[in-house]
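Order-wise, the sequence lines are chains A and D. Under this note's numbering, residues 1 to 206 are what the first sequence spells out, in order. Under this note's numbering, residues 1 to 206 are what the second sequence spells out, in order.
To be clear, the hints were calculated from the coordinates, so they are not data collected in a lab. A hint or two may mislead.
Which copy is meant is left open, so a pair is good if it fits within one copy or across any two.
[Stated by the list, open to error] Below, simulated DMTMM-like cross-link-like pairs (lysine to aspartate or glutamate); rule was C-alpha separation at most 20 Å, straight line:
1) 5 <-> 31
2) 143 <-> 102
3) 5 <-> 68
4) 143 <-> 126
5) 143 <-> 156
6) 121 <-> 111
7) 5 <-> 182
8) 189 <-> 77
9) 143 <-> 127
10) 143 <-> 111
Number of protein chains: 2
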Amino acid sequence: MIAMKVHHLYSGGKDSSLAAWILSQLGYEVELVTVTFGLLDNWRYARETAERLGFPHRVLELPREILEKAGEIAISDGHPNNAIQFIHERALEALASLPEVERVSDGTRRDDRVPLLDLPKARSLEDRFGVAYIRPLLGLGYKTIRELTGRLFVVEIRESEELQKADYEVELRHLLRERGIDPLEIFPKSHYQSRVLGWREDVDRP
Amino acid sequence: MIAMKVHHLYSGGKDSSLAAWILSQLGYEVELVTVTFGLLDNWRYARETAERLGFPHRVLELPREILEKAGEIAISDGHPNNAIQFIHERALEALASLPEVERVSDGTRRDDRVPLLDLPKARSLEDRFGVAYIRPLLGLGYKTIRELTGRLFVVEIRESEELQKADYEVELRHLLRERGIDPLEIFPKSHYQSRVLGWREDVDRP
Chain A
1 MIAMKVHHLY SGGKDSSLAA WILSQLGYEV ELVTVTFGLL DNWRYARETA ERLGFPHRVL
61 ELPREILEKA GEIAISDGHP NNAIQFIHER ALEALASLPE VERVSDGTRR DDRVPLLDLP
121 KARSLEDRFG VAYIRPLLGL GYKTIRELTG RLFVVEIRES EELQKADYEV ELRHLLRERG
181 IDPLEIFPKS HYQSRVLGWR EDVDRP
Chain D
1 MIAMKVHHLY SGGKDSSLAA WILSQLGYEV ELVTVTFGLL DNWRYARETA ERLGFPHRVL
61 ELPREILEKA GEIAISDGHP NNAIQFIHER ALEALASLPE VERVSDGTRR DDRVPLLDLP
121 KARSLEDRFG VAYIRPLLGL GYKTIRELTG RLFVVEIRES EELQKADYEV ELRHLLRERG
181 IDPLEIFPKS HYQSRVLGWR EDVDRP
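With the hints as constraints, model all of the structure from the sequences given.
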C-alpha cells in the first residue's frame, strides 16, 4: 500500500500526543510539526517529547507579525481565546500550504472551546489548500481522553506559568511581557497544562 | 490492563464498520449492537457482516412505538431527517441505559447532518446515563473516510431501496408502506447506501 503521510500540529502535550498515536494506529505515517515565532526556543520541549515517543519532528517558523497581531487581539479582548484561535488558524494554513503536505491534523477535542475550527472553517481549510483535515480527538469526551492517555503516557501536569512546553501561549505570554503587560492580567490565573514525558512501559509503541 | 468495553451502534455499513475498526485499534473491546423494532429481520445483514469482520454482535429491540412516532414525524415533515434523528437518539439512550454499558459509540461523521448529536446533546447523554460517548469518525472528512474504508473493506454500494442492510430507515420505509405511503414521497429519490461485505485480503484484522 502507498504510505499515507500526515503532518500533525504538535505541542508535546497529552492531547496532541494522543492524537499522534491514534493517527499511527490508523496506519498513517505521522510527522509532528511544532510552530514557533522565533522569540523563544520552547519548541525544543516538543522535539524532546517527539524523540522520546519516536516520531519524526519538524519546526515551522511563522511570521512574527502573526504573534504580534495575536498579542493585539489578546490585549484588546482582555482574554486570550481569540488570540489563540487566530494563531491556530494561521498555523493550520501555513502547514496546509506547504507543497508536500496532503493531510493536516491537530489535537483539538470535542470539549475544547479554543482553538477549534467550526465545520465551515474546517471545510474551507480543506477546500482552499486541497488537503484532508483530520481531528482524531474531535469525537472523544474527557473520560475517553483520560482513559487513553492514562494507558499510554507518563504525563507531567503543572501550572501554565511553570511548565516548559511548546504551546502557542508560551510565546504569546512572552510577547505580552515584552510589551510591559503581565500575562496574568489576560490569561486565567489557574490554568493547568500537561506535558508528555514518554510512553508508559507496557505500551505497544507505534 | 483492564479491558475497556464499548457498545457500538452498528448497521453493517461502511461508516459504522470503520468506526468499529478504529475503536479496536485504540484498544477497546468492541461489541456491535444493531437496533430493530421487530417489523423486519434486516438486522441479520448487520450480523452477517459482523461475523465476517469477527466482532461479537447483539440485537437490541426498541419499542415499536418509537418507530411509529418516527413515522408520524416523517409524514408530517415530508422528509425523513427528523425521524432518523429521533430514532438515533432513542437508540443511544436505550443502549446507554443498559446496566453493563459503560461506553457507547456510533459511526456518525463530521459531514453528516443526520443523525448527529450536537455538543449539548452529546454531553447530556453522557451525564444522564453515566457513560462515555465515543464518535471515532467525528473529526474525519469524506476524503479520510474514503481512504481508510478503501484500504480496509470490500464494500457494496447500491440504491437504498435495493440494498439489504440494517439501517433504521429500512424498517421506517416498511412502516410507511404499511400505512399506504410510498417511501419515495418522503425519502430522497436517489440515495446510495453502502454495505460492507468483509475485510480486504491484505488487512491486519483486529
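These are the hints, each one checked on the structure:
Taking the shortest Cα distances, residue 5 and residue 31 sit within 20 Å of each other inside one copy (7 Å), while across copies they are farther apart (31 Å). In the homo-oligomer, the alpha carbons of residue 143 and residue 102 lie at most 20 Å apart only across protomers (11 Å), although the nearest pairing inside one protomer, at 31 Å, exceeds that limit. Taking the shortest alpha-carbon separations for residue 5 and residue 68, neither the intra-copy value of 32 Å nor the inter-copy value of 47 Å comes in at or below 20 Å. Taking CA atoms no more than 20 Å apart as the test, residue 143 paired with residue 126 passes between copies only; the shortest distance there is 10 Å, against 29 Å inside one copy.
For the homomeric pair residue 143 and residue 156, the shortest alpha-carbon distance inside one copy (18 Å) is at most 20 Å, but the shortest distance between copies (36 Å) is not. Both within a single protomer and between protomers do residue 121 and residue 111 lie at most 20 Å apart by alpha-carbon distance, with minima of 17 Å and 12 Å respectively. Taking the closest pair of Cα atoms, residue 5 and residue 182 never come within 20 Å of each other, the shortest separation being 41 Å inside a single copy and 47 Å across copies. For the identical chains of this complex, residue 189 and residue 77 are intra-copy neighbours only, at 16 Å inside a copy versus 50 Å across copies, given an alpha-carbon limit of 20 Å.
In this assembly of identical chains, residue 143 and residue 127 lie within 20 Å of each other by CA distance solely across copies; the values are 11 Å between and 33 Å within a copy. Taking the closest pair of Cα atoms, residue 143 and residue 111 come within 20 Å of each other only inside a single copy of the chain (11 Å); across copies the shortest separation is 24 Å, beyond that limit.
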